[in-house]
Amino acid sequence: MTQSYQSTVLKQKEVCEGIFELTLEGREVPKPGQFYMVKRDHGDYLLPRPISVYDFCEGKLKLLYRVEGKGTKSMARLKEGDTVQLLGPLGNGFDVDQMKGKVGIVGGGIGIAPLLYLAKKLEPKSVDIYLGYKEQDYCADSFQANGNKVTVVTESGKLGFKGFVTDFVKWDQYDTIVTCGPEIMMEKILRESQGKEVTVFASLERRMACGVGACLGCVVKTTTGNQRACKEGPVFNADHLILD
Amino acid sequence: MANIMVDFLGIPFKNPVVAASGTFGFGEEYHTIYDVGRLGGISTKGLTRMEKEGNDGIRLWETPMGLMNSIGLQNPGVEGFISREIPKMKQLGTNIIVNLGGNTLEDYLIGLEWLNQTEVDMIELNISCPNVKAGGMAFGIKGEVAYEVVKVAKKICKKPMMVKLSPNAENIVEMGIACEAAGADALSLINTLNAMAIDINKRKAVFDNIYAGLSGPAIKPVALRMVHQVANAVKIPICGVGGISTAEDAIEFFMAGASLIQVGTANFVKADSCLDIIDGITDFLEKENIKDIQDIIGIV
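Residue numbers (numbering that gives the first Met the number 0), protein chains in the order written: chain A, 0 to 243; chain B, 0 to 299.
There's no promise every hint is true.
Far from chain B by the CB rule (all over 10 angstroms, computed), these chain A residues [unchecked claim]: (1) D81; (2) D96; (3) E122; (4) P123.
Where chain B lies over chain A, by a calculated footprint (3+ residues, C-beta under 8 angstroms) [unchecked claim]: (5) 42-52; (6) 203-210; (7) 213-226.
It is worth saying that the hints were derived from the structure and are not from the lab. These numbers were taken from a predicted model, which means no experiment stands behind them. Beta carbons are placed, not taken as given, at the ideal position from N, Cα and C, and that holds for glycine.
Please model the complete structure; the sequences and the hints are all you need to start from.
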């Protein structure tokens with residue numbers, strides 16, 4: 000059940016430049032792929048920001064976010080004991096029961112955030128994880144215990160393989176591919192998987208205002224018309240998405 | 000206990016707080032978070048005669064203490080609303096105000112005829128839509144154009160009819176007077192302010208439609224001024240809308256002459272803002288030893 004409540008910051012850690020892991024007091028156990036609308040109390044901006052669940056364990060809700068604009072900049076200043084306004088968990092999340100057979104998880108940049116909690120819910124032996132970054136990798140270690148094989152790719156070549164993560168995915172080895180990251184990366188995955196016997200689930204990012212399906216600000220074009228990223232999504236079966 | 004119940008156009012409201020059109024869908028989503036039956040009413044997402052897909056491109060843009068939107072009236076159409084939404088809304092236990100838009104006079108009239116047959120409580124006529132026949136300029140810009148549509152709509156409409164004014168009207172006071180003369184039972188104001196944002200890196204407008212509607216705390220002082228001006232110029236009741244986020248904001252609108260208020264963008268800032276506002280109004284009246292909310296309406 001979705002709840003609106005004030006939560007306390009248990010911990011905030013900058014995992015690398017501009018990337019923060021925020022641990023909050025959680026209530027409801029979220030599904031992997033769900034998100035929360037997060038607003039710093041007395042923040043100097045208006046709307047809460049949609050941030051996906053990075054992990055949830057024993058009442059502790061972990062969020063991973065990149066400082067991007069005014070809202071996340073303000074969130075980055077949160078310290079232990081500060082309070083935030085939370086609304087969630089929201090969205091459909093990943094349906095773990097639908098992820099049959101061999102699963103390939105492909106994350107790009109901060110898009111890796113919702114994928115750790117998902118990987119934890121799957122059988123590690125049946126999961127391969129691909130993580131792509133621009134310059135600097137982060138949180139790749141956390142994924143190690145949760146997959147059969149973890150492949151790290153950086154565009155800079157600083158760590159792991161050099162290039163784009165999509166160049167390293169073994170497309171024909173998976174029954175299911177789950178992806179979250181830059182649209183350009185997800186589009187590449189959608190194209191690669193077209194006509195193949197693989198189901199692709201993509202978690203999309205959109206600007207949001209209400210987060211609950213009322214304002215219609217975050218719609219995504221699908222084969223069945225506009226769907227709300229915050230309500231019917233953020234996870235979509237790629238077959239239903241209409242790319243621009 | 001101070002009385003916050005309000006009679007508005009003969010309809011009893013358990014409190015004067017209504018969720019504003021376009022920010023609350025048809026109530027269902029927020030009902031998963033709190034009992035929306037506690038609200039005075041819900042003004043529905045703006046409806047059009049036919050279903051609409053809405054606008055392409057970016058639909059939301061935050062500004063300092065404001066929100067710009069260009070949703071483009073995505074809605075299920077009046078028929079879709081009647082068949083799918085009314086039965087659910089009736090279960091919520093609050094007044095249903097139907098926000099109805101149109102691009103032609105005919106759109107309004109057909110929509111109103113259909114809605115006459117239903118159990119909704121009130122119509123909020125949205126005259127901010129572009130008028131196809133008037134070259135796309137909104138019905139709500141010129142008093143004489145608004146007069147025509149309100150007059151014809153009032154003849155058809157069998158429900159209490161409130162007209163929602165746009166702050167983009169050439170003269171808000173003349174607009175209010177024109178709508179009253181045309182037979183509007185009440186006025187709600189204001190709708191969003193016409194606004195713009197530019198993406199300086201892409202060197203183009205943020206919104207595909209170039210201009211978009213600004214809402215939120217940033218517009219509250221403008222809305223309050225317009226409510227005050229119009230309230231002093233007309234005799235029909237007024238529903239105040241525009242950036243109301245707290246009980247104090249709401250009380251300002253009552254003092255300026257509104258007997259009902261709507262809360263929009265604040266629902267996004269904190270999902271249960273309306274409840275805080277309802278409780279805060281009671282607290283203020285108690286603290287000030289005011290027995291009835293009527294006693295502060297229009298006192299400034």
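Outcome of the hint check:
1. D81: Correct as stated: the minimum Cβ-Cβ distance to chain B is 17 angstroms, above 10 angstroms.
2. D96: Nearest chain B Cβ is 23 angstroms from A:D96, so the label holds.
3. E122: 32 angstroms, holds
4. P123: Correct as stated: the minimum Cβ-Cβ distance to chain B is 34 angstroms, above 10 angstroms.
5. 42-52: With 4 residues in contact (Cβ-Cβ under 8 angstroms with chain B), the coverage given for the segment 42-52 of chain A holds.
6. 203-210: holds (count 5)
7. 213-226: It holds: at least three residues are needed, and the segment 213-226 of chain A offers 8 whose Cβ sits within less than 8 angstroms of chain B.
Taken one by one, the earlier hints all hold for this structure without exception.
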